[in-house]
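Participant: Chains as they are written, first to last, in the numbering used here: chain R, 1 to 466; chain U, 1 to 466; chain E, 1 to 466; chain Y, 1 to 466.
Zero decoy hints are in this set.
Under the rule of at most 30 Å between Cα atoms (straight-line distance), these lysine-lysine pairs were calculated in the DSBU-like manner:
id: 1; chain 1: Y; residue 1: K26; chain 2: U; residue 2: K330
id: 2; chain 1: Y; residue 1: K191; chain 2: U; residue 2: K191
id: 3; chain 1: U; residue 1: K330; chain 2: Y; residue 2: K166
id: 4; chain 1: Y; residue 1: K262; chain 2: E; residue 2: K450
id: 5; chain 1: U; residue 1: K376; chain 2: Y; residue 2: K330
id: 6; chain 1: R; residue 1: K161; chain 2: Y; residue 2: K130
id: 7; chain 1: Y; residue 1: K167; chain 2: Y; residue 2: K330
id: 8; chain 1: E; residue 1: K191; chain 2: R; residue 2: K26
id: 9; chain 1: Y; residue 1: K26; chain 2: Y; residue 2: K167
id: 10; chain 1: R; residue 1: K262; chain 2: U; residue 2: K275
id: 11; chain 1: R; residue 1: K262; chain 2: U; residue 2: K376
id: 12; chain 1: E; residue 1: K450; chain 2: Y; residue 2: K263
id: 13; chain 1: R; residue 1: K329; chain 2: E; residue 2: K191
id: 14; chain 1: U; residue 1: K443; chain 2: R; residue 2: K262
id: 15; chain 1: R; residue 1: K26; chain 2: E; residue 2: K329
id: 16; chain 1: U; residue 1: K262; chain 2: R; residue 2: K443
id: 17; chain 1: E; residue 1: K167; chain 2: R; residue 2: K330
id: 18; chain 1: R; residue 1: K288; chain 2: R; residue 2: K227
id: 19; chain 1: U; residue 1: K376; chain 2: R; residue 2: K376
id: 20; chain 1: R; residue 1: K288; chain 2: R; residue 2: K56
id: 21; chain 1: E; residue 1: K191; chain 2: R; residue 2: K166
id: 22; chain 1: Y; residue 1: K284; chain 2: Y; residue 2: K26
I should point out that these hints are in silico values taken from the structure, not numbers from a laboratory.
Here are the chains, one letter per residue:
There are 4 protein chains.
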Amino acid sequence: MKNGIKIVTIGGGSSYTPELMEGLIKRYPELPIREIWLVDIPEGEEKLNIVGALAKRMWSATPYDVRIYLTLDRREALKDADFVTTQFRVGLLDARIIDERIPLSHGMLGQETNGAGGIFKAFRTIPVMKAIIDDMRELCPEAWLINFANPSGMVTEAVIKHFGWKKCIGLCNVPEIAMMREPAVIAQERKDMHYRFAGLNHFHWHKVFDSNGMDITRELIAHINDKDGGTPANIYQAEFPLELLYSTNLLPCGYHRYYYMKKEMLQHSLAEFAKGETRAEQMKNVEKTLFELYKDENLASKPAELEKRGGAYYSDAACTCIHAIHNDKKIHMVVSTVNKGALPCLAPDSIVEVSSILSATGAEPLAWGEMRAHEKGWLQLMKAMEECIIEAAITGDYGMALEAFTMNPLVDNGAEAKAVLDELFVAHENHLPQFAAKIRELKKQGVVPKDPVAAELIAQRNGGKI
Amino acid sequence: MKNGIKIVTIGGGSSYTPELMEGLIKRYPELPIREIWLVDIPEGEEKLNIVGALAKRMWSATPYDVRIYLTLDRREALKDADFVTTQFRVGLLDARIIDERIPLSHGMLGQETNGAGGIFKAFRTIPVMKAIIDDMRELCPEAWLINFANPSGMVTEAVIKHFGWKKCIGLCNVPEIAMMREPAVIAQERKDMHYRFAGLNHFHWHKVFDSNGMDITRELIAHINDKDGGTPANIYQAEFPLELLYSTNLLPCGYHRYYYMKKEMLQHSLAEFAKGETRAEQMKNVEKTLFELYKDENLASKPAELEKRGGAYYSDAACTCIHAIHNDKKIHMVVSTVNKGALPCLAPDSIVEVSSILSATGAEPLAWGEMRAHEKGWLQLMKAMEECIIEAAITGDYGMALEAFTMNPLVDNGAEAKAVLDELFVAHENHLPQFAAKIRELKKQGVVPKDPVAAELIAQRNGGKI
Amino acid sequence: MKNGIKIVTIGGGSSYTPELMEGLIKRYPELPIREIWLVDIPEGEEKLNIVGALAKRMWSATPYDVRIYLTLDRREALKDADFVTTQFRVGLLDARIIDERIPLSHGMLGQETNGAGGIFKAFRTIPVMKAIIDDMRELCPEAWLINFANPSGMVTEAVIKHFGWKKCIGLCNVPEIAMMREPAVIAQERKDMHYRFAGLNHFHWHKVFDSNGMDITRELIAHINDKDGGTPANIYQAEFPLELLYSTNLLPCGYHRYYYMKKEMLQHSLAEFAKGETRAEQMKNVEKTLFELYKDENLASKPAELEKRGGAYYSDAACTCIHAIHNDKKIHMVVSTVNKGALPCLAPDSIVEVSSILSATGAEPLAWGEMRAHEKGWLQLMKAMEECIIEAAITGDYGMALEAFTMNPLVDNGAEAKAVLDELFVAHENHLPQFAAKIRELKKQGVVPKDPVAAELIAQRNGGKI
Amino acid sequence: MKNGIKIVTIGGGSSYTPELMEGLIKRYPELPIREIWLVDIPEGEEKLNIVGALAKRMWSATPYDVRIYLTLDRREALKDADFVTTQFRVGLLDARIIDERIPLSHGMLGQETNGAGGIFKAFRTIPVMKAIIDDMRELCPEAWLINFANPSGMVTEAVIKHFGWKKCIGLCNVPEIAMMREPAVIAQERKDMHYRFAGLNHFHWHKVFDSNGMDITRELIAHINDKDGGTPANIYQAEFPLELLYSTNLLPCGYHRYYYMKKEMLQHSLAEFAKGETRAEQMKNVEKTLFELYKDENLASKPAELEKRGGAYYSDAACTCIHAIHNDKKIHMVVSTVNKGALPCLAPDSIVEVSSILSATGAEPLAWGEMRAHEKGWLQLMKAMEECIIEAAITGDYGMALEAFTMNPLVDNGAEAKAVLDELFVAHENHLPQFAAKIRELKKQGVVPKDPVAAELIAQRNGGKI
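Between the sequences and the hints, there should be enough to build the whole structure, so can you do that?
Facilitator: If you want it as structure tokens, here you go:
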């Protein structure tokens, strides 16, 4: 870190990169950045060039002397890095379309993080993360890894618990969005509120206190079905059953809609699917529009349109995090980190998403204490499922994948669930080397994705052959 | 116990009573019974008289001098009892029909033990069990309670953990049926096999070893979808996915079909529902037939037809249990008892259903050790749900009932699940005094069970008024 | 809290009260105090009047309008209190002399917090605290209790876990003293260091990081045997074995000397004992001197001599704590609070002394994670002993007291330990109503404290009779 | 196991071998033994020949055709073994003399199992056991290991948890002796009593029930200080404090005397030490006498004198265990085995000594449930100490050894404890290769065992040089 900080962003061609640049620029007075490396893969080169040019224009518009490098050579980029951020999506948005459409074609939720789709996202992402960690161990053994590649919690668990990289923090924008929006709902300011979160990534609850220490969670529950109540843009706002929430006296996260109102969420997803407008397909269009904007050589700032994506504020959270570590800020953030007992109902070495103090030593979780039975049961099921997913992702064990599928509350159990699983394996063949033998076997058995959109994406990828 | 054992059977008018009598007669040489009291409620008096007369004929046909008492006075019966068995069904089979049909009328599984129906069976049964324990504390403070009122695990947890009656053992026929039938499947004899069970009532797994200590679980998994492979008569035999079972290397119980093949089980139930042949409705007919048989004054033994019911062997298990306690037999049985660490993933004071040694001191569980992630996640979810159900049953907290419903894997989450919950509350009004205030409120809101069969049963009960 | 804060100090006649006044005066600009009530018992009235007069002079010397009340009527004082601090010592310093001398007269450590003496201090203090909580429940149900009556951890556990008063924080000066003194030892400033403490009151460890997040614990271990290395004044500085500390890579607290170098500490105590200069006897003299100083009507500030006592900075910690709660400061403090999983090797509802964030909601512990085997074993033993002590203190169960004694690492096990126990019971008869029956029995058996100094104190107390 | 069982006994030259032979002869009708290999090291050859000849004479006196092999070649012996028993003592009785005398020369308990001596016995034994397991993995991968090399619990933990050999059972004679002798004390027969043990090797408690299921523990406590009450011959019978035992309502094991009456036990040991009659020195004489007896060519049975040793019934327990496994006996035995949750206060993968069911699948522990605070605290301390000892034994980490020493309740903490530790390291140099570097350093610092008897034994061993 002599002469300033070196930041490396893997998946640098992402449409979210301008938000990351904006965040770093804003914090530059306290963050002496020397260079930023945007890394991508050959398939992402075009996007990398477009967004990289915008990034350069953004920094040129500032008085700061920061060099921006665009590269397809990850190892060159990682050399002596101080902070590495990971925001890549293996298989790009097409993989997400497949993740969502194949389950929906069988009448089941795809859901790209915790649903069937999320399981496959983990299967594709974790091996790549393993390769990144192997490189980091060699090239930048002191670097912090700030992960926001999804499913962020499981990827972070793989990194810390399985690959042994302790200096890793997993981010998510969901808690941040709740803390940004909720105060206004009850005509308060954020500075006067205490937020305490606990749970897993995309599966956490929070409670809120005012500056006199009074629990005002119930007051916020009353407004949870209001518009703009703190749900990320990507989640359909089915109405929460208030009696359930009052009974728990906890604010669920937006993703809990999939678990508390599975039926409504499924119906909404099926309706989008029927119109060819799954969330992934919508995003592909949004992304196209964004990149058109980014090409504008006069643009030297993050366009407002970016905030409409579900992933807004992820990058800003990454900047907050880098800032807190570098300057030993001792601030409250909600991150995925090692449990250490903060949630006694889960193992101390599990990764959880909890209120933490962020400082030079990284994230230290605030102990939450025993969960009530309802939340405990859910959490323990979800964590066990995550463990099966991660083990399957690392070992390529099909049986373990089937176990994870069976446990997933968003997947209907039975023969059709197995059919969905098998189609997804075949569909993502080129990104799942660890499962290669099983996929060959499935193909021999004649497994073929039935959804025509997915089928066509696969055919395109395979140069016309399916 | 001077001059012989006094046994009291609450729900003595049950069609299962002849099996219980047969079991006691068979064991009489080692079980010096003095008297047997069959207790029932006024609504059950007719059945009590029929089955009681049969019981008397059965004992008259033996050389043994045992007195049989039929009574509606529970307190008189309990005085100085040595063993109390509980096999009652609050609301009789009509309540079960309601439990099954209302959820199915909304396209959801009713399932009379762990499904929506099972939740209401717990709500109805636990308060009655509380009253029985209050009586026992006063009238027979040293008696053993052998419970097989369902949901047996939850009722046993309420009795031991909440009502503080330690001398209680919860029974179920599912493990017994597996151990009876599986050996033949692989051409073995039961005496040469080691069975080890662990889990919760209607949610346990087992593994099997041969007499050389070799694990032969996989061999049995291969035959699990065979006919007569050990599933109780009341469960539709949807095919288990073998790859899942091989991965876990555990034999699931028959009820796992509802969790591993929910979709198939639901479709089967919906088909039965459409024909007016839900399991409960079938059973009402079977019971009618049985009681016709029982009336035959020449009948002095258990008729073979009884074995067709799902609950066969429950009563025999009760006899084995009484025998083991009275004679300090130190035998292996699978019962619901206090965990004590046998399943480290659940609290030591939870009730679990595990392989135990039965002797004069009651049941001592064999420690199973850590469960794999998949089974652990399921168990922890199910136990947390059971805790919510039991708490709701005791306190009458509607919010807690809603939490339990939301967690139940057999209930679709969302507004329609709440509708099912509310209809069930209204439908079972007369058996749920603890929820009286909430039920009044629901009725004011216009909640009415929509299923016509259920509606008619309620109307009959209410003398024509719904 | 309308019109300002009401603070009540029970044990207001303590020699530490001037430090408390100084702390409150210093923070007055952010702490709008309306009135301070100093409460004591009739035996303490003289001291209360002396120190109360000094307190009044101290406030008179400020521009602040705060009323000081001196009273023997605890209930009048507690009415509508906002903060209650407890710093009383049941039986005054004479009781401590007995606590220390009786064990030493048998060649064993007395040690007024965790040793045999500490056990009796808990027995005397916990019932009084129970009475205070009963009053508070009635008179000031919203008040915060800031406890620094020793043994602070056990008293806090009794208050929170057994008496159900959740708004309680237990304080100790040991962590504060370490954080004050250690930075200078390695030529650093406190603001550039991260302190993380975990363990139990008078039995905790800490680790230290610099502002780059590097662990510098080992650097501090190297200096632990330096003079002024952070040990409170009341603890003899036997040399820590550095190889042990390097192996643990943790900084022990000063009290660990009793456990890591028991032999040296015992020899030192025996030498003091032989000279009639046990710590308690020394303190009695120091206190006498302090009260002489306090009588000086020209004195209107805390005299420097007070800092020589082992308990210095306790009161200042109390002020920091009140300040943090009232103004929602979100600062790091080391306090006794509910574990909540912060130390996974202890029960979530145990009281532990750990790094916490102090704010309007009270103390929230930072999760520490798994302890190494060595520290875990010690902590679990000590917490189990504390549980036995607290249970004995509440129930008056002699067997439980004997169990606690047997477990205490500072007490030699065997017949002589029981002799010490029995003498202490008899010696403290008038402060141990819960053990009255057993003490009568012991007296009948002829148990008499053999130490002449103790015997004389008892005789004085009993008006000449022993 | 074709054509009969092959049993290998490592440490076959032990004076206990005749008991083992007697036990196997007695059980031969159900145990078709083909051959028994007695293995020893060159230093033990003479004893091996003497005891081996006796063993041969014992079998010759039976009608059974079993071959006895005497060998110094462990690998030849292990080839295709079915059962391996380990009863060796690294360094023979001279090492035990050193273990006991060096601590006593500093006024501390040596105690050859859990005291300072036991720690060094673990340090010497565990590496040898590692080598045996390495051989077994190659030469008899299906064999059962029946360990009674002390400290049996720690050695078993090393074998199962660290070396990964699951088919291992650790034995001890202490529970067996209690169950043999106690019934007579209350004029009962063993068959009418239920014994339940739980804890660690040489640190367990038990409770007893009669055949009506009534807890009769208190009745037995009343007799615990009687002669012949069930304490092994090697333990001085200091009187247990009955009030403590009544409070716990558990029967302690004989070794608890060291923890509950440390002072008395120390005084007794110091008196023996002063006379040159430590237990080890006494045993050396007993052993000499036994071997003289064994030389008698007319002797063809186990001489009665052997039962006077503390280790009597160890070998018989091994025979019971082999018998139970081979014939799938499903009997109750108290053995060291994997916890699996039987003691929830310890980790599921720890080795504990508990009531278990022994059958073809090995030992399955009966779940005991939560321990009371007193026993829990002790157990957790002792297990943590064991973990430190085992880790030090495997890694040769001196700091970890120092941690274990500091935690050991039988060792006084402080500088003198470290002196004892260091002398023991130097004294056992030739059996502690894993600590070689540290021992060299200690010798350079001039550490020399001061006890003259120990010093001479070392000098003898080293050919005159110390």
